[in-house]
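The listed protein sequences derive, respectively, from chains A and B. Per this note's numbering, the very first residue in the first sequence carries number 1; after that it's consecutive. Per this note's numbering, the very first residue in the second sequence carries number 1; after that it's consecutive.
Everything labelled a hint here was simulated from the structure, so no lab data went into it. One should not assume that every hint holds.
Claimed, not checked - These stretches of chain B come out as covered by chain A in the derived footprint (C-beta under 8 Å, 3 or more residues):
| id | segment |
| --- | --- |
| 1 | 215–227 |
| 2 | 296–302 |
Stated by the list, open to error - Heads up, incomplete: computed chain A residues facing chain B, CB under 8 Å, no partners named:
| id | residue |
| --- | --- |
| 3 | 172 |
| 4 | 179 |
| 5 | 221 |
| 6 | 236 |
| 7 | 280 |
| 8 | 284 |
| 9 | 286 |
| 10 | 287 |
As the list claims (entries may be wrong) - Residues from chain A shown here face chain B by an in silico Cβ test under 10 Å; the list is partial:
| id | residue |
| --- | --- |
| 11 | 15 |
| 12 | 17 |
| 13 | 169 |
| 14 | 220 |
| 15 | 237 |
Just so you know, even glycine gets a beta-carbon here, dropped at the ideal spot from N, CA and C.
If you want the building blocks of each chain, they are given just below.
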Amino acid sequence: MAEVRLEQVEKRFGDTVAVTGINLTIADGEFVALLGPTGAGKTTTLRLIAGLEKPDEGKVFIGGRDATGQSPAERNVAFVFQQYSLYPHLSVYDNLAFPLRSPVRKADDAAIRQTVERVARLLRIEAKLGNRATRLSGGEMQRVAIGRALVRDPSIFLMDEPLSSLDAKLRADLRLELKHIQRDLGATVLYVTHDQIEALTMANRIGVLDHGRLVQIGSPREIYETPRNLYVATRLGMPAINLLPPQAFPQHQVPPGTRTIGARTEHVAIARANGGAHAKVEWIEHLGDQNHLHLRVGDHKLITLVDPDVDLGVGDSIDVTLRGPLYFGTDGERIG
Amino acid sequence: MAEIRVENLHKSFGDFAAVKNSNFVVENGEFFILLGPSGCGKTTTLRMIAGLELPTSGRILLGGDDVTFKRAAERDIAFVFQLFALYPHMNVRKNIGFSLKCQGTPSAEINRRVEEAARILRIEHILDKSVSGLSGGDRQRVALGRAIVREPMCFLMDEPLGALDSEFRHLMCGELRGLHNRLKATTVYVTHDQLEAMSMADKIAVMNKGLIEQFGPPQDLYARPASMFVADFLGSPPMNFLHFNAGLARGSGEARLGDAIVQMPVVHEDIAPSDLALGVRPEHISFDDRSALRGSVYGSEYLGTTQIVTVNTDFGQIKARTKSTGEVRPGANVGLRFHADRLSLFDRGSGRAIRSALYEEGAHG
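Pulled out of the complex, with its shape left as it was, chain B reads as follows (with noise of 0.2 Å):
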């Protein structure tokens, strides 16, 4: 098992970048997530580790060695795709036994591994069964199996879940998760769902328009967003922004939204008079009839132990996530209070979070 280093990648097809100078470290036994959406390059950047495509320029280093040149095949590492083609032909066995065939591997050392495989995935049970009988989750854990029984450097996932439905991807994360923990091998993983993202990194990459908009583990990215793009992109039902104009003195730990005076973290530079956006995760917003915040119930969305309310107010539309034990009709006139350490700020014109209290006590905690 191997780090993997990424130093100054940048890919280039005709005009269009790509990937732009991208640095990343994913360290011995991590499992890192690269997050966006399509088109955002995650995908070109895991074909580049995986040898797949060529930098334009840029370096690759696997376990310490330049692998930026090498040939797909001299990388130790197995690639599981999201439409993984089993051999329809062969048994579960014989299809995860078949890269070390090709290898020559003696057949008893084949069969120790696949069933070694067979273990970790749980699925002893279905090896000497036919692969065209099997549910989607059984094909998948085959797959698996076809990369891990190659005991690789690390492994490289393009959506392996993408075509399985929602509640069943949900299960499915928990269970590479709990495979990742047993093997503790290298992960490069690619997804375009956040909730993947969140259920099993160790460090997500959220990307944007071939740039890496920020790096760190995931409940760092969800509490201290860099960027709006960032804010939105995690969390169901996203961060809000509520939009206001004004100007802030270093030191000032308060925003005024219209008649209300807003309490959040001190803000650690100088705005000149701008466009800003107040972010406001959904879980850090209550309803308080005493807040000269007010908005009118767009609609409430039950669900269970919680309930989504959508809540219409003269800075934007907001989503907040509160108990379902209290009722909320629509048109209703509220009050609304957020969690005011818990607040970001963010400059509307370049997207980016300004410095607060909030971000310096991630940097130190």
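Isolated chain A, as found in the complex (with noise of 0.2 Å):
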């Protein structure tokens, strides 16, 4: 595994300026995570990494040496897709060994088949190795894709939106492996998403990346609680954070030059209304083990978690008052 790091990189394609001013470092056994909307330039910058595109400025630096001008294969690094294509007539072994049986390897057998067996061990689909990859659930596939990156000991581990074909159950399991065998093998994992869950849930840092931009990088809890502006506010919470003007909350004191004020659920205390109430409930949504409180500010909506077992109907009367919420500015910018 290596530190791979990006220098002020920068990628057109034609008039459209994919990437612009990227300084990223990937620390050696780090798992980073990019997190964006479609378009904001996060399979750009795995592929500048992987050598697939040619950035027009900047350095790709892998384990401290500038590859920019490698090729693909000089610079060692294991891409796993969305759609995972494996060999359909090879069994899930000859599938694995595959990428260690390439003549410049020279691997014996013998160090192929230890190899194999420790990563399917790891992914767990050892029972499964005799296996035809086709006759493998949408779950296993995908984890003999990410075996098939594993086996061959690269720099770094670039991986796009490699869960997003699966359902949810099989993505919240795979979410908790992906992670442990990442940290077992002190592996170095550039992942991109737009999936916050798995940012946050996975990564050491993420990248916020915003039309090419890298807006923010930090530990998830630096970015959730706190974003450097209300794009990045927006992309991390569930139910996502409230944007409110300061005139919805009259009694609240807000720092000068407030434009909007982001509220979390961990930022807003209900009380039932005993007179001077300005909220009211609009529909409470039971998703179980959490429930959305749909609330209305005056004009504004607002939503929260509240318990379960909360003694609340539609059309009650409610205090809101925050506490410690999030501040940003006319540009957007949080304030303080």
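Dock the two chains into a complex; use the hints.
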């Protein structure tokens, strides 16, 4: 495994600037997730590291060496895609062994067997080694695809939404598995996703991309608790952060220059009203373990989590007070 | 608008029984959701209500009329599919009004109903746009508009949000439920997504292998699952099962898991020594060092407001949902405490919930 560093990287496609001014260091053994919507530049960043694209400006360093001019093969990176492309006519064993049998590696059969079995154990597919790749469930296929990357001992794993084609339960299982495997191996991973849960739960650090720029990078907690601007604040949070003008809370003191208050569930205190209420319950969305309380505050909607047992009904009057919310100025940057 | 009554409905395809002896009533104005994994019979049930499939036996009553063998066109219903095929050469207005035009409705009437539907769906501003440039959400709204203008007795929807990504899907759930609150039309909705079902339904029927496993309001099914299948299908993460072997006497209110005694709702039946599972929802678990029930932390997943902590115990792996303020280290040995009056107990052989005070409370409350 190796450290990977991008310095002032820019990539244009015709008139479109895909990424610009990207400075990013992924430490040896670190799991970094790039989070952003379609078109933010996530996949381009991955492809630049893989060597599938050449930057128009800037440099890519892998393991301390300038890799900018290197071919993909010289970089020794492993790519895991959303669509697992396994060799359908081969067994799981042969699919896993395939990268090791490349002529440049000259690995002997015993060494290959040892590596394949170790990876299969790690991914809990050792019982399926004899199966044809096509006779696997979706989750098993994706594990084999990840396994094919693992056997190679690359400098970095580049993963492009590898879990997005799986169903919700399997995705939850594999999230935890993938994180464990990465930690056990001390693997360097750059993981691209638009799913905030994947970024929050697996990454050591999250980089938030917006229109080709890296807006903020930090631990999941930092990104969630101290977002640099409105864009970052709205990337994370379930339910999404409530954005309200200061006028919605005339009692609440805001720092000068505040245009928007950002209130997450943990910033919202509710109480049954005695007189001075200014919010009403519009809807209580019972989701089982968590209930979303939909409130109307003047002309604004506010959604917060409440205990499943909360004794509230539609139309009830509520007092809402804010405790330490986030404040954003006219330019959308966070204040204080 | 109307009540839908399904009586002893059965459907076989050759040797395969897709729907087995289904009984349920969708009350007038209710939002009813058939929930289950693929192949459980939910879509077949919906298609029989629509008249797109004929039952092998049983009856379907729509507003009191027996429509079991009536053609789809003779049933006053509107069907919304997952893959909403809009007419690409027509604009939004023409797409929505098309079925009325086919019926020979006067154009003034078509206009009135199209505009009413657009107002309900809040898409008045795109009425004269081409459908080809619309976002996924707007396309789905147009598809709904086509169903609404027909002013049917009921709506049948087959995974209408299935093609949308998860965050947007949850937003659309709020919209669909809001729409239902305005129209108050009887709706039967099919999905495999438990969050959609929890979010929108007045009542849910959970289906498994052609059978309705449980039928009732979402919170009831969530809090008092009748089977391990239902317990596992609802919730994210789903209910945890701690496996143990014991016999219990009626009136007993505790289970012995290794060295630990776990308090639980009093059981209302005698249980011979057998394989049991204690069912615990992730939000009903807390960490308490004094507890004799121990586990080792496998991992924790930070989610902002809350975190999910996975713990390996001698009785199986469990997931707890706790506030994200306390950090938990992987490998740490922790004591576990459960919310005693919320626990379920299952017979692992049959998967059935054992009757207890938890379920009685539901029946009376």
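Going through the hints against the structure:
Restraint check on the segment 215–227 of chain B versus chain A: 3 residues with Cβ-Cβ distances below 8 Å, three needed, restraint holds. Chain A is given as covering the segment 296–302 of chain B, and this holds because 4 residues of the stretch bring a CB closer than 8 Å to a CB of that chain, at least three being needed. Because the smallest distance between the Cβ of residue 172/A and any Cβ of chain B comes to about 6 Å, under 8 Å, the interface hint for this residue holds. At about 6 Å, the closest approach between the beta carbon of residue 179/A and any beta carbon in chain B falls short of 8 Å, and the interface hint on this residue holds.
Because the smallest distance between the Cβ of residue 221/A and any Cβ of chain B comes to about 7 Å, under 8 Å, the interface hint for this residue holds. Interface hint at residue 236/A: satisfied, since its Cβ lies 6 Å from the closest Cβ of chain B, which is below the 8 Å cut-off. With its C-beta approaching chain B no nearer than about 15 Å, residue 280/A sits outside the 8 Å limit, and its interface hint is violated. The beta carbon of residue 284/A is not positioned within 8 Å of any beta carbon in chain B (closest approach about 10 Å), and the interface hint is therefore violated.
With a cut of 8 Å, the hint placing residue 286/A at the interface with chain B holds, because the nearest CB-to-CB distance is about 5 Å. This hint holds: residue 287/A has a C-beta 5 Å from the nearest C-beta of chain B, less than the 8 Å allowed. Interface restraint check: residue 15/A against chain B, minimum CB-CB distance 22 Å, threshold 10 Å, status violated. Against a cut-off of 10 Å between C-beta atoms, the interface hint on residue 17/A is violated, since the closest Cβ of chain B lies about 24 Å away.
Taken as an interface hint, residue 169/A checks out: its beta carbon lies about 8 Å from the nearest beta carbon of chain B, inside 10 Å. Annotation: interface hint on residue 220/A holds; nearest CB of chain B at approximately 5 Å, less than 10 Å. The closest approach between the C-beta of residue 237/A and any C-beta of chain B is roughly 5 Å, which is under the 10 Å cut-off, so the hint is satisfied.
Violated hints for the displayed structure, listed by number in ascending order: 7, 8, 11, 12.
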